[in-house]
Amino acid sequence: MIASMVQSKAQRAKFLAFCLLPTMILFAVFSVYPLISGLYYSLFKWSGSGAKKTFIGLGNYARLLEDPVIPKAIGHDYFLVFFKVLGIMVLATFFAVVLTQFRIKESGFYRVVFFFPNIMSVVVIGILWTFIYNPDMGLVNSGLRAIGLDGWTRPWLGSLTWALPSIVLPAVWAGIGLFMLMIMGGISGIPASIFEAADVDGATKWEQFWKITLPLVWAQLKASIIYIVITTLNGSFVIVQIMTEGGPNNATHVMGSYLYQQAFVNYNFGYAAAIGVLILALSLATVLCLQLFLKREKIQY
Amino acid sequence: MKRQLKGLVAAAIIAGLMAGCGSTGQQETGKAADKPAEAAAKGKLSGKFEIQYFVGGYGDKWWKQAISDFKAANTGLDIVEYAGPNVNTEMKTRWISNTPPDLVYIAGAGSSEAQMVADDQLMDLTEWARTLKLEDGTPLLSSFFVKPGEYNGKMYALPLVLDAWGTWYDRSWMKQNGYKVPSDFNTWLDTMKDVKEKGGIAPLVTDGKHPYPLRGLLMPGFAAEGGEKLIADLVDAKEGAWKSEPVLKVVKKVEQMQKAGYIDPGFAALNHTQSQMNFLLHKNAFIPVGFWLPFEMQKDVPQGFDFGFIPTPMQDPGKPFAMLPQISPLAIAKKAKNPEAAKAFIDFVFKRKYAELSPELQGAMLNIKGVNLDNNPKIPPYLKEVNALVNDKSKVTFYSLPHPMSADLEKPVFDQLVSLMLGQITAEEFVQRAEKAAADFRKNSK
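Heads up: the sequence lines are chains L and U, in that order.
Each residue of the first sequence is one higher than the last, beginning at 32 in my numbering.
Each residue of the second sequence is one higher than the last, beginning at 34 in my numbering.
What the hints contain is simulated information worked out from the structure, not anything from laboratory work.
Just so you know, these numbers come straight off a predicted model, no measurement behind them.
Glycine residues also receive a C-beta, built at the ideal position from the N, C-alpha and C atoms.
Accuracy of the hints is not assured; some may be wrong.
[To be verified] Examples of chain U residues lying across from chain L (beta carbon under 8 Å, computed):
(1) 97
(2) 98
(3) 123
(4) 126
(5) 130
(6) 241
(7) 298
(8) 452
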């Protein structure tokens, strides 16, 4: 009787294999293999379009150190990380609090409105905003002209100064919805009695936000920040590629778009692989730093 | 268990790799190769013959015609076509794995003659090309507008379609507004001044994301100023070439246009179709771009728009226009399995007959001199005009690049050109930075 209830060791192994094997195989094929081959190719001078490969050891890495675009691209990556985290977190938290705690009638409608950009492809968002920023026919410049601010119009994406900040806006806009929902989930998990008690004690909404809401949704905030950082470091490539292709004069290149340019426009596949390794190293280092930085006692009331 | 797991992972990786290499859009034209006896009876050529050709704005009508004619003349061949707008990417795995198609038309995104030569993928055609002749017996090489690219004295690809960079304008709009069509740099400045003052628009627009202004504005200027020697030195990144006197002189002309406000301040935000659209909407008067403009934009051309073309007037008064071609060549793979068929096909299409068909079927000229287009009513007038212009030596000088500029040099130089055209750097700073880019290029291409 007991024997039939306890699984045999072999059965247990079979069950585990059944659960883990598909994931392991996918992981090996789509993560481990590309990772290793990326490392491997970064040691070669290879165009990526022919069979001719020359082993050059750390040559591509030496080139990384001398390439003037690399420090620029890294700077742009962290510029985007900083402003995206700031913009998305502030706005998403603000909207989440307003929609959950202020009992607005149309909160369902706003939820849809804010989440809407999340169901659009980044490619569509990029193209849409390229039109919005178009120097001649775009919404931004036409709007400025309509209200008499002609002096403020500029070729947003074509300006060495304004191109990168112009990319932040759609990136933030596209990101808010998902994190707003995550934070709303966190807030609705806080027992209403805590807020009621705070009300009785005479705490203002502002105090309630700082003392109750924020500490109790910290886990969600932390997860959101790390997620934004990782997706920005690895994924801003798409929006940059669509909107500016890294230009004008490399003013918006992020590491991902520069990697793409080196691999598929300039035919330096090996060098691009080295850039890929650099992205990996920087993402890892950043996430580790964040983990330390965001470490905070878990609070329960 | 562990060993089994390893085996499974390995099997999955191999399966994944094999799946990744298999699919391309191929079409089979004939199956005759299955019967070698019949093939031998009808023609000398037999076996499978694979052609890779890019299909872009020019369409594939010319190709279909040429291939079906070739097929009719060589019934023993089994012709397989790999074609389409993404064919260069789709066929990459074949080139990487050293099993390329026999013949390749090097054109469109993702293709580069210089890179294919650097990767040692193309057959040396130097000796054989000398034996080719047109219908009337004139040697093919002396009938080319543009000489084949040369790499250490060897040629690997024969230029088939002739594209050239020049400057477009709307003939009827210019006439209506009383603007004069420029004939050299000074008259161009005069017209641009006129357009800016009377029309209130920035006269010149171009693509700010890709090296169009480098190819369409600077290079013709360099050619007019320093001839083929200079442009060859520039393309080869010879030490000192980019900061030489003639280069600075031409760059100063661009700087002058920028300072006068003749360059659209928004150009850096535009890609080539957006800049072409601005031009069609008369937001600008001139656009330096290739022959393909009318064909590419044919669906968006406003009524009454009348395309006019001149080689970009960067030259001083009294000199002929300088024209720089951008050619799309045919080449044979070094590892071709049926090189004889590939050679026969090249010989077959490099004829006046197919050069006459090309403007009609694909709106493009082939790289063959002395083709008469006047009697064909299906050919658009601007192409006839271009054909007459390029065949007139007193007005236009053709300058061939020894080979296309490598993207590793072109991109950083173009980046600096954008800064110059935005007014962020001076002509002197530009030449210094371009020279630095050339030095980096020399270092990295070793």
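Please check whether residue 452 of chain U passes as an interface residue: C-beta within 8 Å of a C-beta belonging to chain L. Because about 5 Å separates residue 452 of chain U from the closest Cβ in chain L, which is inside the 8 Å limit, the hint holds.
**Message:** A closest beta-carbon separation below 8 Å is what the hint needs, so does residue 241 of chain U meet it against chain L?
**Reply:** 6 Å, holds
Given hint residue 130 of chain U near chain L, where the shortest CB pair must fall under 8 Å: OK, holds: residue 130 of chain U within 8 Å of chain L, min 7 Å.
**Q.** Supplied contact hint for residue 97 of chain U, tested at 8 Å Cβ to chain L
**A.** Since chain L brings no Cβ nearer than about 27 Å to residue 97 of chain U, farther than 8 Å, the hint is violated.
Check your understanding: Does the nearest C-beta of chain L fall within a distance shorter than 8 Å of the C-beta of residue 98 of chain U?
Key -> 29 Å, violated
**Prompt:** Does the nearest C-beta of chain L fall within a distance shorter than 8 Å of the C-beta of residue 298 of chain U?
**Reply:** 6 Å, holds
TODO: Double-check residue 126 of chain U for me: the hint is only fine if its C-beta lies closer than 8 Å to a C-beta in chain L.
DONE: 10 Å, violated
Can we keep the residue 123 of chain U interface hint, with Cβ of chain L closer than 8 Å? 12 Å, violated
Against the hints set out earlier in the document, violations occur for numbers 1, 2, 3, 4.
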